[in-house]
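Asks: Since the structure of chain A is already known, use the hints to place chain B on it.
Listed in order, the protein sequences are those of chains A and B. Heads up, the first sequence is in my numbering, so the first residue is 1 and it goes up one at a time. Heads up, the second sequence is in my numbering, so the first residue is 1 and it goes up one at a time.
Some clues are possibly wrong.
So the derived label-pair ranges between C-beta atoms look like this [claimed, not checked]:
no. : chain 1 : residue 1 : chain 2 : residue 2 : range
1   : B       : H61       : A       : L112      : 36 to 46 Å
2   : B       : R80       : A       : D285      : 18 to 28 Å
3   : A       : V265      : B       : H61       : 16 to 26 Å
4   : A       : V31       : B       : L58       : 31 to 41 Å
5   : A       : N253      : B       : E76       : 43 to 53 Å
6   : B       : P53       : A       : L112      : 40 to 50 Å
Under the rule of at most 27 Å between Cα atoms (straight-line distance), these lysine-lysine pairs were calculated in the DSSO-like manner [stated by the list, open to error]:
no. : chain 1 : residue 1 : chain 2 : residue 2
7   : A       : K91       : B       : K3
8   : A       : K91       : B       : K91
9   : B       : K3        : A       : K191
These are computed hints drawn from the structure, not numbers from a lab. Each residue gets a CB set at the ideal place from its N, CA and C atoms; glycine is no exception.
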Amino acid sequence: MSELEYKIVVGLEIHVHLATRTKMFCGCELVYGGEANSRVCPVCIGMPGVLPVMNKQAYEFALLTALALNCKISDFTKWDRKSYYYPDLPKNYQISQYDLPLAEAGYIEIPLETGQTKKIRIIRVHLEEDAGKNTHTLGNFSAVDLNRAGTPLLEIVTEPDMNSPAEVRALAVELQRIVRYLGVSNADMQKGHMRFEPNINLQITKAGTEYKTPIVEVKNLNSFRAVEKSVAFEVRRQLDEFAETGRTMASGNKSTRGWDDENEVTVLQREKEEAHDYRYFPDPDLVPVEMTDEWLTRIKSRLCELPIEMQKRFITEYSLSDYDAGVLTAERKTAEFFDAAVKAGADAKRVCNLLTQTGMKLANEAGCNVADLGISAENLAKLAKMAGAGDISATASATIFEEMAKTKKAPDVIAAELNLLQKSDAGELESVVDEVLAANPDAVADAASGGKKTKKARGFLLGRVMQKTKGQANPKVVSQILDKKLS
Amino acid sequence: MAKKIDETQVRRVAKLARLDLTDDEVARFSTQLSAILGYVEKLNELDTDSVEPLAHCLPMHNVFREDVITESLDTELALRNAPQHFESFFKVPKILDEDSGA
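Pulled out of the complex, with its shape left as it was, chain A reads as follows (with noise of 0.2 Å):
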C-alpha cells in the first residue's frame, strides 16, 4: 500500500475534569480514590425532585480555558439534557450545553517538531457532567461508584486540523501545558483529568481520484502514548481496509473503536442501535447563562502568558534553543523562576543549564518544582552570574545550587564558607605561573618545544598551579596566562 499517496486527517474531542473544589451542580467534594459512594447526594444520586445549582467557579475556568483557546464567549448560553442510559449516571441524563456551547470558533497553537507551530482551530466548547464509575465486574453485575457523577467536565471539540500522530499528540501535550497553567485543571492523565477522542480518516489518491476511508471515532484514550499509537494504528489499518474493500466515507458508516492498550490494535466496539438519538431538550432546572462585558473583563484579567508564547519569546529574546525553551516552559512555575532569574540579569542559557542540569535532578529528588526547592530568583541570578564572571566553576556552581536548597542562604556567602570561590584575578595568578615556570625548567622546555611533549607539559604546569592555589584558580585564566608565557 505504500505506494499509495494519502493525507492523515484528524480532529480531536477532549474531556477535561476541572480542577473545583466541588462537583458542577452539587455541593459534593471532588476527590479521587475515596470510599466508593462517599461523595454523593441526592443531586447527583439522581434522586427526584431535586434542583442543581452551577458551580461558579468550574463556569470561569472553563470560560478562562475558552479564552486561552482564543474562542468567541457567547453572550448567552443554557443547559440541556442528554438522554443517557447506563447506571453510571443514574438520572437517565447527562447535564450538558447542545445548541448554545458557552465558547466557539477559536484556536490553539501548537508546537511542532520543525520548531514551528501551527494552528489547530477549535470548534467549541462546553461545559457537562462527567459521569460515575462502573468499578468492576461481579459476575452478571457490575459495581457503581457514583463518586465521580457530576465532575465538572469542559468538552473541546477541534476541526479535522491534524495530518499526523505526532500533531494530534502535540495537540494533547499543549493543551494539557495550558489548562496546567490556568490552574484550571491537574490534567493528570494517570487520574483520568483528560480524556482524548479523535476522529480519524484519510484521504487517498489514487490514479487521479480521491478517495476519503470511513471515519473511525477512538474512544477514551486516557495517555498521550495511546492518543498517537492509536491514530498511528488506524491510519495503517485504514490503508489496509482500503485496499482490500475500497470502502469509502459514506452517510452512516462512522464507526466507533476502542484502544487495546496491550496489543496496541484499536477494536471495533458493538454498534449500538440509534444510540445517537441523544434526544436533547433544554433543562428545565437550570437558568441560562447571559455573559457581561465586565464579568469577560474580570476573567480577562485572569489570564496568564500562554506557555507557546512563552517558549517562543525565551527563543527570540533569550537566543534559547528550540529545546531548552520546551523544558523550561512546560511548568508555568519553572518559566516564571527562570524568566524571574534572567529579568534579574543573568545570563539566559547559564539560568538554563544550572535549572535543567542541577535544578531539576533535585527537584526530581525532593518530589517538587524546581521553583519550590527554597531558592530565591535574586540568589539564582546571583549564582549565574558568578559562574559567568569566572568566580565558580562549573562544578562549584552545582554544588552551591544543592547548599541553597538546603541551607536556604545566598550563594556568594555558601562560595565563600565552602571555600568554592575561584582566583581570576589575573595578576595574582601571573605570579603563581611564574614560580611554577621557574621551579619546573623541563616541563617548560618540553611545553614550548612544539612536539608531541607539549600537551601533557602544558596539562602538568597547569596541573601545578591549580595544586598551588588550592584549586582555586580560575582554570580559563590559567590557562591564557600560559598561554601568553609560554609562546
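Replies: For chain B alone, coordinates are given in the frame of chain A:
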C-alpha cells in the same frame, strides 16, 4: 388521515425510553399521542414572527453557587434505596457496552 405519531414511531420512542409496551398499548398510545399533537398544533396559528425564542420559562439567569463543599450523604443512606449493593458500591446488572462518560 395518517396518524401524526404512527405505531412505528411509538415503538421507537418506547425502545429509546426502555419501555416495554404491548401491541395494545402501542395502538392506544399512537392514537392518544396523535391527538395531543393535533391539539398542540393549534399553537401554529399564532403569529410568532416578532417573538424571541425562549430558552427558559423563568425570567432569571446566572444562578450560581460558590465552590464550597457541603456535606454528602452518609454512604449507607445513599445506598439504602438501591435494590442491591456490594460493599459500598451500587450493584447493577452487568453493563455490556462500556460507553460511560460522554
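Asks: Tell me if the straight-line CA distance from K3 (chain B) to K191 (chain A) falls inside 27 Å.
Replies: Given pair K3 (chain B), K191 (chain A) is violated - Cα atoms ~52 Å apart, limit 27 Å.
Asks: Just to be sure I understand the hint, the distance between the Cβ atoms of V31 (chain A) and L58 (chain B) should be within 31 to 41 Å; is that true here?
Replies: At roughly 33 Å between Cβ atoms, L58 (chain B) and V31 (chain A) fall inside 31 to 41 Å, so the hint holds.
Asks: Keeping to a limit of 27 Å between CA atoms, is the pair of K91 (chain A) and K3 (chain B) held or broken?
Replies: Cα-Cα ~32 Å, so violated.
Asks: Do P53 (chain B) and L112 (chain A) keep their Cβ atoms within the hinted range of 40 to 50 Å?
Replies: At 43 Å between Cβs, range holds.
Asks: Is the hinted range of 36 to 46 Å satisfied by the C-beta distance from H61 (chain B) to L112 (chain A)?
Replies: 42 Å, holds
Asks: Between K91 (chain A) and K91 (chain B), is the straight-line Cα distance small enough, at 27 Å or below?
Replies: 16 Å, holds
Asks: Quick check on a hinted range of 18 to 28 Å for R80 (chain B) and D285 (chain A), using CB atoms only.
Replies: 24 Å, holds
Asks: Tell me if the beta carbons of N253 (chain A) and E76 (chain B) are separated by a distance inside 43 to 53 Å.
Replies: About 49 Å separates the Cβ atoms of N253 (chain A) and E76 (chain B), which means 43 to 53 Å holds.
Asks: Indicate whether the distance between the beta carbons of V265 (chain A) and H61 (chain B) respects the range 16 to 26 Å.
Replies: 48 Å, violated
Hint compliance for this structure: hints 3, 7, 9 are broken, all remaining hints hold.
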